[in-house]
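Protein chains: 2
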Amino acid sequence: MLSKKTKYGLKALTFLASQKGRTPVQISEIAKHENISQKFLESILLTLRKTGLLGSKKGKGGGYYLIKEPKDIPMTTVMRVLEGPIAMVPCVSLNFYEKCEDCPDEASCSVHKLMLQVRDSTLEVFRNNTLADLVP
Amino acid sequence: MLSKKTKYGLKALTFLASQKGRTPVQISEIAKHENISQKFLESILLTLRKTGLLGSKKGKGGGYYLIKEPKDIPMTTVMRVLEGPIAMVPCVSLNFYEKCEDCPDEASCSVHKLMLQVRDSTLEVFRNNTLADLVP
DNA sequence: GCTTACTCTATTAAATCGATAGGGTAATAA
DNA sequence: TTATTACCCTATCGATTTAATAGAGTAAGC
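Just so you know, the sequences run in chain order P and D. Residues 1 to 136, numbered by my numbering, are exactly what the first sequence covers, in order. Residues 1 to 136, numbered by my numbering, are exactly what the second sequence covers, in order.
Since the hints were made in silico from the structure, they are not lab data. Each hint can be trusted.
Note that identical chains are pooled: a pair holds if it fits in a single copy or bridges any two copies.
Below, computed lysine-lysine pairings styled on BS3-like, alpha-carbon distance capped at 27 Å:
(1) 57 / 39
(2) 57 / 4
(3) 39 / 4
(4) 113 / 32
(5) 32 / 20
(6) 39 / 50
(7) 39 / 68
(8) 113 / 20
(9) 99 / 39
(10) 113 / 5
(11) 57 / 5
(12) 71 / 113
(13) 68 / 113
(14) 50 / 20
(15) 99 / 32
Quick caveat: nothing in here was measured; it's all calculated off a predicted structure.
Could you build all of it, start to finish, from the sequences and the hints given here?
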């Protein structure tokens, strides 16, 4: 299940991408437009800024803005920042790999075999979409 | 993230599918072979039985067994029973649809648009795999 | 009739999630 | 310089879910 954090983050990013210019947009404006708790959104935008997806400007006329063009932001990046691993089990994760504690042999594990396929197909979707593709 | 319930359930089903005959296998044997807490596995096998995937036999020589042939058990069915909705958000779920509380217009929702693609690609993987395909 | 093994209910500890509160700090305009 | 705006950070909290455990109950078979 997609977390609200990811959901809100995606909506906020899409909203920023839909802006005409790249002038800062206030948190309150984003929160209001997307029906999101402002305080919760604050923490989400903060992590997006820390990972280099967003820039921010303080003081009057400040707010958040996209650093790169929407078409140059692949959804793989966005999803990994917001939701974490794309894979459903750590043992098939590219960026967050971990060995299973149980499961003596990965190669002969039925779960591994299935989830590898799921990861690949999901990854393909995220690779084929940039933030620009999400703007209506 | 895949729950342990689903993971264990998949392993147990695969183990049962790998058996030569369809004679009942004891819970304890499955649990031991797959490194699963026996009590936890009990509850999982119980739900699999209630949804018609497994049969059980009580008393001496009893245990759980597959009712249908592995090749006739699509992974869509298994995953929905164990993990629930395949979609990452309820508003794109086929079997567990729910409208989002926020989000005034589904058609113009960026999250909806993206998650629809993810659901379709994941669904295709599960449709193309039966339990028989998971047996090593 | 006794053993075996499935069946069911209840409980629990831990983790995560979503949200809230409140203060702090930096940048900008006037 | 000063006031304001708006970002920044920490802490907390209730609710929910997850994974596991305990223990008693019940049906089938030898």
